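> When you get a sec, could you build the whole thing from the sequences and use the hints?
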Amino acid sequence: MKGQFFILGAVILIVALSSGINPIRGAMVSIPTEDIPYFSSNLKSEFPRAFNFGLQSGTPAQTLSSFSRFVNSTLLEHYMNFSTFWVYAKGDGSTTLQFTAGNFLGSDTSLHLNLNGALKSISVPNNSTNSVTFTGVPSDFNITIMYGDESDTVEWVRDKGNLYCLFKIIRGRDSNREEFSV
Amino acid sequence: MRGFWHTVDAVIACILMMGFILTIGSQAVVPPEDLGEKAYSVLKGLDDQGVLRGYAAAMDADGLDSRVGIYSHNHSVRICDNAGSCTGTIPTAINVHSGNYLVAGNQSYQPRTVKLFIW
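Going down the list, the protein sequences come from chains Y and D.
Using our numbering, you'd call the opening residue of the first sequence number 1 and step up by one each time.
Using our numbering, you'd call the opening residue of the second sequence number 1001 and step up by one each time.
No lab work stands behind these hints: they were computed from the structure.
Remember, predicted model here, so these are calculated numbers, not experimental data.
Be aware that a few hints might be false.
Take a look, some chain Y residues computed to stay more than 12 Å from chain D by CB distance [claimed, not checked]:
hint, residue
1, N116
2, N127
3, N130
4, M146
5, D152
6, R158
7, E179
Computed footprint of chain D on chain Y; a stretch qualifies when at least three of its residues, placed anywhere within it, have a C-beta under 8 Å from a C-beta of chain D [unchecked claim]:
hint, segment
8, 6-13
9, 57-66
Listed next, with one range per pair, are the computed distances between beta-carbon atoms [to be verified]:
hint, chain 1, residue 1, chain 2, residue 2, range
10, Y, P138, D, S1085, 26 to 34 Å
11, D, Q1107, Y, A118, 32 to 40 Å
12, Y, N116, D, G1054, 40 to 48 Å
13, D, N1074, Y, G58, 38 to 46 Å
We treat Cβ as the ideally placed atom computed from N, Cα and C, and that holds for glycine.
Below, the structure written as structure tokens:
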């Protein structure tokens, strides 16, 4: 009879001890999805497409502006801040070339263009576009695009569509910046 | 008194056995598959194949979903345009992962957001 009580006592002690033990299964590491690089890669190919569609319809400024706003509203749904600045030029067969800039950086800015030493400046308010014209443009030229703290020199061809674009995607401490010219 | 020490022996023996079973029985840590990255890769792959844009422009979410080649999980597609109109379904399951893909258009400017849900 005494042995049965000792066995019962042992079972009670074991249950009491095991109830406080967590099974060692190992940590289930969940790596957070880093989607900003995917969006950046996606947009780097889609902005030139939007530009081409705009050239086809004869409304590149409107198309790029619409696409910039579309991307901004889409990324806001993912708690990302999106900003972009672009400049394009499309020749009409003459040596006169119009440059159009779109500013979606969140604040007004001034654009300074240096085309083979010829300098022109325009103001580009936030969420809008503005244009400036150069004359006597050679068939191939270097253009330095300066706005805010940004400065980049690209080599363009007069008699084709040219696009420079910079965009930034920010969410918390994660960010990505892309700058390209096509 | 002897019985008390037999009891202690039994308790220690059981604890050792439980510790052995728990340690051996624990699963190896396997990082969960990043289905969000997989969703984006699938959408990118469909775009590279020339499949995605036609369905996106036509707002044909079911058609695009039928072209998604994921057989180990459930999936659905949702396509939204610039005005906020959408086709396709948002799953109500738990642990749903999603990938997003933006397109400027197919033959003309028709901006779309394509979402692939995997669960």
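> So, for every hint listed, does it hold in this structure?
So, going through the hints one by one against the coordinates:
no.	hint	in the structure
1	N116	32 Å, holds
2	N127	16 Å, holds
3	N130	22 Å, holds
4	M146	27 Å, holds
5	D152	23 Å, holds
6	R158	25 Å, holds
7	E179	19 Å, holds
8	6-13	holds (count 5)
9	57-66	holds (count 3)
10	Y:P138 / D:S1085: 26 to 34 Å	47 Å, violated
11	D:Q1107 / Y:A118: 32 to 40 Å	38 Å, holds
12	Y:N116 / D:G1054: 40 to 48 Å	43 Å, holds
13	D:N1074 / Y:G58: 38 to 46 Å	45 Å, holds
Checked against the numbered hints above, the structure breaks only hint 10 and satisfies the rest.
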